[in-house]
Amino acid sequence: MRYELPIFQPKDPGYADRVRESFRLQQAMALIGAELSVVEPGHVEIHLPFKPEITQQHGFIHGGVVGMIADSAAGYAANTLTPAGTSVLTVEYKLNLLAPADGERLVARGEVVKPGRTLLITRAEVFAIRREQWTLCAVMQQTIMAMHGRKEGIE
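Heads up: the sequence shown is residues 1 to 155, going by the UniProt record's numbering.
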C-alpha cells in the first residue's frame with residue numbers, strides 16, 4: 001500500500017511561473033542538461049537525459065548528479081507551496097542510492113510531505129529509465145527552509 005499525499009493548495013497563484021523562472025536561473029541544472037518537466041502544487045519532476053560528461057568510472061550517471069536532481073526536484077516541490085516573494089534553501093537531505101543510475105534518462109520526482117511556514121519536509125525518488133523500463137535508483141528525504149522576503153539571485 002502506497003501512502004497518498006494530500007492535495008495541496010498553492011499560496012501563490014503564480015507559483016508555476018515563479019518556479020520555472022527560478023529553475024532557469026540555476027546554472028548547475030543547465031550544466032548537466034536537466035529539464036523541469038512537471039510543476040504542480042507540492043510536486044515537481046526533473047528529467048535528465050544521459051550525457052557521457054555526467055558519468056562516473058563505470059559509465060553510470062554519477063551519484064552526485066543523482067543527488068543534484070533529487071535535491072532540486074524536492075526543493076522546487078516545496079517552493080510551489082510558498083507565498084510569492086519567498087525563495088527556498090535546502091537545510092539537509094539524506095540520499096539512499098539503491099541501484100546504479102544506468103539509463104537513457106533519469107526522472108526525479110519531488111513531493112512535499114509536510115508544508116510549514118518556515119520548514120518544509122519533502123522527499124524525492126529518482127528513476128533510471130532504459131528502454132522504457134523504470135528502475136528506482138535513489139530515494140531522498142529533505143528539509144527545506146522558506147526564506148520569506150528573500151529574492152533569488154546574487155545579492
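Source of the hints: derived by calculation from the structure; they are not laboratory data.
Hints may be right or wrong, so weigh each one.
Listed next, with one range per pair, are the computed distances between beta-carbon atoms [as the list claims (entries may be wrong)]: (1) Q27 to E4: 22 to 30 angstroms; (2) R105 to L25: 30 to 38 angstroms; (3) G116 to K151: 20 to 28 angstroms; (4) R150 to R130: 39 to 47 angstroms; (5) H58 to G14: 40 to 48 angstroms; (6) M147 to Q27: 15 to 23 angstroms; (7) H58 to S37: 25 to 33 angstroms; (8) F8 to K94: 18 to 26 angstroms.
Taking lysine-lysine and the DSS-like style, the derived pairs with C-alpha atoms no more than 25 angstroms apart in a straight line are [said to hold, decoys possible]: (9) K11 to K151; (10) K151 to K114; (11) K114 to K94; (12) K51 to K151.
Just so you know, even glycine gets a beta-carbon here, dropped at the ideal spot from N, CA and C.
Verification of the hints:
{"no.": "1", "hint": "Q27 to E4: 22 to 30 angstroms", "in the structure": "violated, 36 angstroms"}
{"no.": "2", "hint": "R105 to L25: 30 to 38 angstroms", "in the structure": "violated, 23 angstroms"}
{"no.": "3", "hint": "G116 to K151: 20 to 28 angstroms", "in the structure": "holds, 21 angstroms"}
{"no.": "4", "hint": "R150 to R130: 39 to 47 angstroms", "in the structure": "holds, 40 angstroms"}
{"no.": "5", "hint": "H58 to G14: 40 to 48 angstroms", "in the structure": "holds, 43 angstroms"}
{"no.": "6", "hint": "M147 to Q27: 15 to 23 angstroms", "in the structure": "holds, 20 angstroms"}
{"no.": "7", "hint": "H58 to S37: 25 to 33 angstroms", "in the structure": "holds, 27 angstroms"}
{"no.": "8", "hint": "F8 to K94: 18 to 26 angstroms", "in the structure": "holds, 23 angstroms"}
{"no.": "9", "hint": "K11 to K151", "in the structure": "holds, 17 angstroms"}
{"no.": "10", "hint": "K151 to K114", "in the structure": "holds, 23 angstroms"}
{"no.": "11", "hint": "K114 to K94", "in the structure": "holds, 16 angstroms"}
{"no.": "12", "hint": "K51 to K151", "in the structure": "violated, 32 angstroms"}
The earlier numbered hints that this structure contradicts are 1, 2 and 12.
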